[in-house]
Structure formats: C-alpha cells, structure tokens
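Place chain B on chain A using the hints.
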Amino acid sequence: MTTLTLLQAVNEALHTKMREDERVVVFGEDVGPKGGVFLATEGLTQEFGKQRCFDTPLSEDGIVGAAVGMAVNGLLPVCEIQFQDFIFPAFDQIVSEAAKLRYRSGGQYTAPMVIRTPYGGGIRGGLYHSQSGEAYFAHTPGLKVVIPSTPHDAKGLLIAAIEDPDPVLFLEPKALYRSVKGEVPEGSYSVDLSTVRTVREGSDVTVFCYGAMVPVCEKAAAKAAEGGIESHVIDLRTLLPLDEEAVLDAARSTGRVVVVHEAPRFCGYGAEISALIAENAIEYMEAPVRRVTGFDTPFPNTLEHHYMPDERRVLDAIEGVASF
Amino acid sequence: MTEMLTMFKADGSAPDFNGALDEKALIHCYRTMLMVRAFDDICMKLQRSGRIGFSIPNKGVEATQVGAASALRATDFLFPSYRDFGMALHHGAKPVDMMHNMFGNASDSARGRQMSVHFSFTDPVRFFSISSPIGTHLPHAVGAAYAAQALGKDDVSLASFGDGGTSSAGFHSALNLAGVWKAPVIFLCQNNGWAISLPASGQTASDGYAIKAKAYGMPGVTVDGNDLLAVNQAVSDAAKRARGGEGPTLIEAYTYRMGGHSTSDDPTKYVPAEELEEWAKKDPVLRMQRFLDKSGLWDETLEEKLLTECADEVAQAAKVAEATPGPTLETIFSDVYETLPLHLRRQGEQAFELAERKGGADAGGGAFPL
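Residue numbers (our numbering), protein chains in the order written: chain A, 271 to 594; chain B, 77 to 446.
Each hint should be verified, as a subset may be incorrect.
What the hints assert, rightly or not - Taking lysine-lysine and the DSSO-like style, the derived pairs with C-alpha atoms no more than 30 Å apart in a straight line are: (1) B/K434 - B/K170; (2) A/K320 - B/K290; (3) B/K434 - A/K304; (4) B/K316 - B/K290; (5) B/K370 - B/K135; (6) B/K381 - B/K100; (7) A/K320 - B/K258; (8) B/K290 - B/K100; (9) B/K170 - B/K135; (10) B/K85 - B/K357; (11) B/K229 - A/K320; (12) A/K320 - B/K316; (13) B/K135 - B/K434; (14) B/K170 - B/K258; (15) B/K85 - B/K121.
To be verified - Going by beta-carbon spacing under 10 Å, a handful of chain A positions derived as facing chain B: (16) P511; (17) L512; (18) D586.
Derived from the structure by calculation, the hints contain no laboratory data. All C-beta atoms in this analysis are idealised placements derived from N, C-alpha and C, irrespective of residue type, glycine included.
Pulled out of the complex, with its shape left as it was, chain B reads as follows:
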C-alpha cells in the first residue's frame, strides 16, 4: 500500500490541518455523520419491523462520504454507490426525501420504481441516480467530466465505489478513458474491507488499490478513510488538479464496513469479531468528536443537541414517508420514454381496466434477497 495520508493524531489533535474547513463547516460535517447514523438506525428498525424491505448500513464509512463531499461544490457531479448518501445529506438533501425512497411511495423521486437506497437528486446537489450493477457509473463520471470541460465549466465529477468495484469492467474502462482524456474526474475507492462477503484480500493481488492509478497515468493516493480531515484534504487536492486541467486522480480511502452489506446480510458469518473490534477503536465519528473536543468545538451539551435533532428529524421523516400514499398504477408506464408510446398506453389502459373490474393487484410484501 502507498503511504497513507492521516491528519488525526491519537490524542485528537491535527497539527497538519490547514483550516480548509472553518468551525461551522466542521460542525456541519460532524452533524452530517451523526445524521447518517441516525438514518441508518431508524432504517434498521423500519426494516426489522417489516415497514420497509431493505436498507444499506453505512457505519464505519461516514468520514469518507462526508469528508469527500465537504471538499466539493454542490455543482460538482457526484456519481455515488449505494453506500454514499452522506454525500447528498452534506449538501442539503433532506432525510424526508430519502425516506420517500425507502418507502417507495408517490413522493419518491423514482416514484417507487427503484428498490430502496437507490436515491437520485438534482437539487440541491447533483447526486446521480444510483443503479445496482457495480462499476457501471464510473464511465458516466468520465463522460460527465468530459462534457463539463467541453462546455467550459470548471465542475468536476466524483465517482465513488467500493473495493469490489475495482474488479469491474467499468473501473478499467473509466480509468483508462479518464487518463487518456485527462478528464476532470476523481475516483474515490472506498476500500471498506468487504465486497458483500469477499474480503479485500480476495479481490486483488495488488498491493492496495491506489497503485492501480499508475498504469492509467494518473496519481494514486491512499488516505485514512476514517479521518474526515484527511479525506477532505485528499479530495480537495484532486479537485484542484482536475479543475486546473491536470486530469484525474484515484484515491483509495482505507476504511471499514462495520455493519453488514445490507439488512439482508448476516456479517457475523464471515467477519472475524476481533477485526471488527480493532476497527471499532478507529470509529470515524468518535475520531471526529475527539478532534472537535480537542479544538474546543465540542461538549456533551452539543452532542446531546445534535443527537436529538438528528433522531427527531429522521423519525419525523419516517412518519411522513410512511403516511404518504404509494405510487399510482400509471407510474409503471410513465418515464419509460419522454412521450408515452402507443403500445405502453394500451398496456396501461388494460391494467387500469383490470384493476377497475377485478380490484387492485396485491401489492405484495416480502424483501429482496440482498
């Protein structure tokens, strides 16, 4: 593994921190991390009580998500994986809008078409619609970066993916194209130790992931993914390079998925308990808290206030989303094309007519296998 950029010292100090984030920004980052955790907590409860089908926990990788987002503008283009919504929250996406997706209701931006955790935002942040296949969004980030440059904008793209994603065709194609085109794009590999049940050691024989950058003609950087300041620094540097016309960067954020792959997964079957214990000591939220404390920006009162605010907001979001009606039958057929073609109109009308004649279809319960 290449040398790892870390800012936090064991005592919570960060002597090399250049002040890129002011006090307000630091507290906002911390609050966003707590919000990710609060959102995860309530989703786990909603899933276990059968009110939503599926969720993806983020515990352990919050500093990577939020640290990266804090280094970018809302006009930059985020191409996220399904374990990245802290980036959207950081730039002002509302928990209630995310919760509409978790329930797949009529107010969901995808109208309940996607399974939960597949968010999409254009406002207040460009958070590209998530798809489930791994690595397909990396070439999108390159194309968007090419377009930004061609249209004379200085926005950058950021593609975020896990260690598993580095084995996908999209990873190779995207890094190769970006290198050749010198596209203003940042590749953020979150090496969180696991691709569902496969440990990083089974994913690649290379010495870490950052060194893969070399073959594509771009810098590769390893950063402590549980250190928000270090992630912010690495992504800021990469963004600066990209905006300056110097091309792409591959960043490997070394972190750890402390929960399961999803609510359908039982990680105790394959995650060694002692490994989890080791990483729990490096919990990114606790490290950030320690830094804020050391900097005189944190106390128990603030902690209590933020935790209460976040818990209340996600609880309220869940209440609103659960009470929001499901999508209407029409939404099966709309948005396939801009204009509804005749054959879809006919299929829709037959479905509506059947619903009228025989009653509504059973919406079904159940959950996805993964």
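One chain only, chain A, in its complex shape:
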C-alpha cells in the first residue's frame, strides 16, 4: 500500500496497464512529454515511448474516432479529452459510433476503449472548465459511465475500464485530483464496474452521490450525526450500468432518500434515481426523495461555491427528509 492522491492513482493505473499489456496506448491533447494539463499522464511517454503515449492535434472527434478505429483493429486505446466541457465535438463518435458498434454489427466489431476526462467544478473554471455532463452520456445504451471518488477506486476502476470489452467514459472529479489522498494497493487490481460503494452506514437517511460530491456528503453526514441523524451514504461510482438492486436496497433500508450531484437538476442523474425508487420501492418510502444539485443554469465562475452543492445544502436536505 502507498498513499496517493486521486490524480496519482489515475497515473498509477495507466502505468500499471501499459506495463502489463502492450496493446494499451494513451493519447490526447498535451498528454505526451508534458504529461497532460493536470499531469495525469506524466511519465508515460518517457517510459513507454511516443508510439504508445502521444500528443494529438486539437481534435476531439478525431481523437475519439481514431480510438474507435484502433480498438477495432487490435489496440486498447485510452484517450483523454482535456476537459469534459470540450467533449461535445466527439459526442457523435461516442454516442453514434463507439456505443452502437457492437449492436449494429451483431458483435462483429467492438470498441474496447476508454475515454478519460476531468469533469466538474470547484477550480474557478467558469462555464467551460466546470461542467458535469454525465447525464448526456448515461442516456446512451452501449456506453459505460464511471466516476471514481477515491484514489483506491480511481486506480481499480480505471484498470477495470481498460480491461472492459465495451467503451467506457471515465469521468474524473478534477476537484478531488489533489485534495483527496488514500491508500492504494501496489500492482494490478480492479474494482468491478456496476458496483456501488458504501461510504458510511446509517439507518435514518440514505444519501446517493458520486465523484466530487462524495466528500461533501461525508462531511454533511458527519454533521447530521452530531444532531442525531445517521446517514447511509452510497457512492454510485458506475452510473451506467447502475447496480439498481444495491440502490433499491439502500433506499428501502431507511425509507428516506437524498440524491446529490453538481450537474443541473432537470433530467439530471438524480431524476433517474428518484424514478427508480418511485417505481420499485414506493411502499418503503417515508418521505419524498429530495435532490440537491447544481441549478438549472450554466455554470457560474465567481459564485461557483453557491452553485455547487456544499455541506450546508446537503445537511439541510438530510434534516428535511429526516424530519418529514
């Protein structure tokens, strides 16, 4: 075990898989000798050469489209989109091509590939360096959508994503890149996709969250506990395919649910969790599901701390559903 930041854990996962499997290639804008704008790919070109870790022109649809072509022809591409906000030129490639390839060819062609991209606010990035676009992608059959929140999961989930036979969008909470540290096993291990992580056990209120909202919810839960409310905090960590059974079990166990994400509320991922519970566990519910989310506005710069759910807002929701 070593103690790593989430960013170092991502880097460690890439090193590990590239050592293990020569088919793994890493590419994107500035990921080569510089090591990426956040340094997630630092040292890869130096260790594995510029055939296996290289810079690309500024061309998101080209990056993802080329990854599809590499994947169907024997490589295991792990491409980076510098900020999730810049992924939209590649939306066609992700949604119409990578995600549909297995289906439309009856399995003749498949795209085992990973698209890594930092998402979310908290770095004063304004409209175009802060968005959480997970809902656009979680709406896409054929794609897997993964978001880690700890260094342990970042490494284990990224390794699992690279080994997965289907395309995976790997969203990295940039606010946590350097702000969380944790124990990470050395060598190769994987964390199963489509499993949730129980962050904290509690019997009064269930809180569903993922990515950068996990530490926020942990803090709110600790605060709530001081007031006598025990929260059951679940890190969803794979949004698609979701471990629905685990979500329903956790919802039924308390009958009171808060869902937290920084993306806008309308048609956000929390709506799916809420509907899932309404359709399958309504008889267990003691209070309406409450969502704590970003506002239905573009992402503001100066006032981002008001836009993003914080401990205060999550605590208010926990208290609200607990006392309903």
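For chain B alone, kept in the frame of chain A given last:
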C-alpha cells in the same frame, strides 16, 4: 480540378494499362459490376413491391467501388459508405448475406437492428459496419491504420465517402490526423455529383476535392471514376505508398450518381435530364465492356452468361432472405454490451412476458423517409 488520370480511350483501348489485373481478375471485376447492378435492380423491385423498406442504388459508381477493391487485399480494412457494397462483393461477400440485411431478418449480421444497406462483414473481407451519419468513419480508418502500423502489419485502411462527406467534421479531423501521423490510409472521395439533392457546386468553393489534400500534407489525385483501370491504378499507387510508410493519399474519383440517393428519393426533381444523358454515355459498365471487347475477352455469349448468373444469384438470395424468419425479441437486448446487464435483462423479460400475455407486437410496415 487537378489533372485527371484516365486509362480508357474512346475506342475501348487502354494503351497505358500495365497489366496489374490479369484476364481472370478483369472478368471478375466486370462480373462484380454486373452483380452490383443486378442487386440494385432486384432491390428496387423488392422495395417498390413493398417487400423491403429501403435501398440505395449504385448505378454509375460501380467502377469506383470495384476498381478500388481490386487494388486492395482482403486483409486491408475497408471503411465504406452506404454506396460501396461492390467492394464487399468483389472480395467474396455473398449476395445472400447482403440480402439478409435488406430484409432485416434473423440471419442478418446485425440481427435486423440496422436499416437495410447497412452491411457489416469481417469475413471474407474486412468491410466495417456502416453507420448513417456522414463522415464519422473517416477517423476510424485513421485509427485502424495507426493500429496496423503499431502492431507491425502492412495492411492499409481505405475510407470511402462522397463529395458531401468532405464537408463533415470527420473529413477534416481524419485527414489532419492521418497527415500528422503518416498513417497508412487511403481516402477515396467519390465525387458523384450529388449529396442527396445538393450538387457538388454547392458543397465546396474549392476547385475540386483532390486539392484539399495539399493542406493536410498528403498527395491528392483526381481519377476518372468511371474508368475501372484508372481507379485500380490510383488506389494501387496509394496503397503502395501507404505500405511503404509514406503515409496517406486523398483520391477524388470523378463519377456520377445515375440514380436517386435512395429508393425514397425522386432525382427527377433536381437532376437536369441533359446532365444525366451526358453521363450515361460514360456508363462505367459499358466502358469496361468496351475495353474487354477490344482486348478479346468479351463477347455476347459471355455477357449473356454473366447477366443470367448474376440475376439468378440475386433472385435466389432474395428468395432465401424473404423466407428467413425475422429476429427474435431477444435481439433487441443482446449485443448492447458483451454481458447483458441486469436492467436490460429485466426490460427484456417484461417485453417477453407482455408478448406472452398480450400477443406479439405489431412489427409494422412503412418506410424510412430517406
């Protein structure tokens, strides 16, 4: 437009032909062109009689498709558009397998999930699964070419697209990446005059398409797309360059779509009749026939034999495909992921249960608008 490579002379001779295709190969090319036409003919009838929903005619561009395929190996990777199936036929794809796709039945490689004419083959030729968005397959060809090179193989990729495709984001991204990476890929732009109803003049202000190569740091070649030998030559040259590590080439095949965009399209609304007449004189099948005749390889008996063989084979293919059952309900849910996730299993089981309880859903008839 850059100078156009043509091999056929008006009298059917081809004095510059270097013999790259032997007699057997030449007849095979000619037969494949006739097979494309036979397949188109029967699909038109099947569509007009309501037995299939949609088809894409190829009349006029057969020499480009077959000429390009004849310059490549079956192990090279074809990234086709929806008007390219002559390439697959040339390398041994069976009309019956294509017809299964036209009917969207259980034997279709896509299990009836795709609309017709969206073929996919891995064997006997790597003919990449076709998608409908334009230009998205160009970056795939570059990635596949990069992979082939990285894995030490000398296979090349060929991406085929129309003049409309050159306006897509994928065209720019792919040519730019290929140029920078010196990827072993061939870009075959079939300038067939039309992108559905938009004439090539409305697609670009540049002087043809081949010159666009210059800005991406690769050679651009214009070739007579109705001249099978010239297309074969241009693609052979590009493949040689690619295999030799010299990088990509953009080829503009100057040709003409003599039919509609699809069976849902009425080209008489926008194609000038006199233009069509002019191009009919340059019909690629007739030009090939004239060359074979001049070379002593063709006579009426051969023509009759090939036409009968092709017509019989596609008729038989249609009969088999029409009699093949449709896909089962399960195929809606399989192949989304390698392993069926729980939520899809549940949705499937609910659909099966409903079908059991209330009877099968109405499969529906109808046709797509384009």
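Verification of the supplied hints:
A hinted pair counts as satisfied when its Cα atoms are at most 30 Å apart, and B/K434 with B/K170 does not qualify at roughly 39 Å. Straight-line distance between C-alpha atoms of A/K320 and B/K290 comes to about 26 Å, which keeps the hinted pair within the 30 Å bound. Annotation: proposed proximity of B/K434 to A/K304 is violated, straight-line Cα distance about 62 Å (limit 30 Å). Pair hint B/K316 plus B/K290 holds up; C-alpha atoms about 19 Å apart against a cutoff of 30 Å.
Between the alpha carbons of B/K370 and B/K135 the distance comes to roughly 23 Å, so the proposed pair stays at or under 30 Å and holds. As the CA atoms of B/K381 and B/K100 are separated by approximately 15 Å, the hinted pair is consistent with the 30 Å bound. Proximity of A/K320 to B/K258 is assessed by CA-CA distance (about 14 Å); at most 30 Å being required, the pair is judged to hold. At roughly 37 Å between alpha-carbon atoms, B/K290 and B/K100 are farther apart than 30 Å, so this suggested pair is violated.
Pair hint B/K170 plus B/K135 holds up; C-alpha atoms about 19 Å apart against a cutoff of 30 Å. The straight-line distance between the Cα atoms of B/K85 and B/K357 is roughly 13 Å, inside the 30 Å bound, and the hint therefore holds. For a cut-off of 30 Å, the pair hint linking B/K229 to A/K320 stands: about 19 Å separates their Cα positions. The straight-line distance between the Cα atoms of A/K320 and B/K316 is roughly 25 Å, inside the 30 Å bound, and the hint therefore holds.
For the suggested pair B/K135 and B/K434, the alpha carbons sit about 46 Å apart, so the restraint of at most 30 Å is broken. With a C-alpha separation of about 34 Å, the suggested pairing of B/K170 with B/K258 is violated against the 30 Å cut-off. Straight-line distance between C-alpha atoms of B/K85 and B/K121 comes to about 35 Å, which puts the hinted pair past the 30 Å bound. Interface hint at A/P511: satisfied, since its Cβ lies 4 Å from the closest Cβ of chain B, which is below the 10 Å cut-off.
Proximity of A/L512 to chain B holds as hinted, the smallest CB-CB distance being about 7 Å (cut-off 10 Å). The closest approach between the C-beta of A/D586 and any C-beta of chain B is roughly 32 Å, which is over the 10 Å cut-off, so the hint fails.
Taken one by one, the earlier hints fail for this structure at numbers 1, 3, 8, 13, 14, 15, 18, listed in ascending order.
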